[in-house]
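A.B. asks: Each chain, written out:
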Amino acid sequence: MKQAFRYITLLVMVVAAGRAWAWAPLGHETAAVIAIQHLTPRAKAEADKILATNIKSVSTWLNTLRKGEATKHTAAWHTLHLNAEGLSTTTSEGDAVVQIERCADILRNPSQHSDSVKVVALRALVHLVADMHCISHVRIEGEPLTNGFRFYFLRGMAASKKSKPLSAKWYSHWQSRFFGYHQGFTAEMMARDMELCCGKHCEEYMKGTPRDWAADMGRVTRSALEGMEIDVVLNRKEINLHEAYHEQCLAKAGYRLAALLNDIFK
Amino acid sequence: MKAKTLLVAAATLLATLNVQAWGGFGHTIVAYVAEQHLTPEAKAKCEHYLGHSVPYSASWMDYWRSVPPYKETTHWHVCRADENNNLIQEKDRCAALQIERICKELKNYKKLPNEQIDLNLKLLIHMVGDMHCPSHIVYVPKIPSNNIRVKGKLVGRHKFWDSSPATFHPKWNAESYFNHLDVATDKQIKKICKGTPEAWAMEQARIMRRTYTLYENGAEFTKLPREVRNEMQQLVEDNLLKAGYRLAYLLNKIFAK
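Going down the list, the sequences are from chains A and B.
Residue 103 in this note's numbering is what sits at position 112 of the first sequence, and the numbering runs on without skipping anything.
Residue 983 in this note's numbering is what sits at position 146 of the second sequence, and the numbering runs on without skipping anything.
Do not take every clue at face value.
Here's a subset of chain A near chain B, in silico, CB distances under 10 Å, partners left out [what the hints assert, rightly or not]: (1) T82; (2) G175; (3) M181; (4) D222.
Short derived list, chain B residues pointing at chain A, Cβ under 10 Å [said to hold, decoys possible]: (5) G888; (6) S890; (7) Y946; (8) F1005; (9) H1017; (10) A1056.
For the record, the hints were derived by calculation from the structure and aren't laboratory data.
A virtual CB, placed ideally from N, CA and C, is assigned to each residue, including glycine.
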């Protein structure tokens, strides 16, 4: 009852969505579009029935709760916490995997929950599976850089000697920079491109559980952090090469969301 | 102090946006229009060599122009025209001549290594877009720039035209541009694609000259007469489509069965 009340509170506390920066809206929508293409007909029908819409249209909903007085505690749900070995072992409520497991549990036991609770659980799950695949949402114990840091990069569009390094933040680097490389893209266009570049790994990416995926994201994050330090100056090539990580994570988010929903609604 | 920090942050953010030729948005539109006009064979070949779609690769050249070994490409984003709108024949400083070189090379693409086809395609996709951007025709002798104000803020001529697709339709994406504007008949498209990249560049040099006379230096965009703003919008829309059709034409020709 207490849990149901809590989720219903969340449902009614939808505040106007401002510009949400937890993985650009396009990232969440892209992950959802990829997932839709890999859902079984049964999983798709179940998800659409619960939401009364498709998973793409609710993919950024959880971000709207971060600022609400009664729902601001949900801000902690967007982060993935890993131990020093890079494994997800936490049981703390302020963690993406714990919340994903909780939402999955609600959806696996539909008769025990009201429709409103299931709606909130599915909306949250759709968002958090994407968030846990965004490198800036990963925190690794003993890796202070995963708490975010500032770095500089050489703008160098015109290879001008006058161009001064620009300040950037690790967080926004992974949230929005690479979507800016493809302005004017829709989620459907982006999803198609992720299929083109990562489709061959689909089956491999879909294997495992959210805890396995968390460990995978720990490895990816550590790899992306190689050579990084606070105030490091990166050149354009180093920045550009990060795009491959971004693509891989975006594709994984979509495939794994489909895998999880297919398993829940099997 | 806080206000200063905010100002610096805002300036930094702005500096990272909209810094590309045609703007990333314009390039995506051109490539998306082209993609819709590709033969299935050409589309499949492009995606095979690029590992991505044509639109996804459209701005690659802007992000890699300062990185060795691509630094020489930094001069390939514009065409130079003399007072008679003839192209100045400097191969290393002219998008149209580079397009012709690349098309010639890709004619025998089966004999080229995949990496070279990939690179050539990325360059081609971008340069066809660039040569249809009003700010990417450079006149010799130089015509003084007519900068413009947008809501009171002075914007350089180059930046204004580069970001114009978003200025005229701020809520549109590449698909909306295509869905709203791609109404040309096959016959019209055939006419647009007639000629060579060099001839297209000379046509652009003739058309773009007019953009220096449309408004006074420092004029406020929102206060320009409606017919002038309409003409500017028409020019942008026509050129995005032309570039898209011509890019598709070149790619279809390269990958014809």
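A.B. asks: Which of the listed hints are not met by the structure?
C.D. replies: Per hint list: 1, 4, 7, 8, 9, 10 violated.
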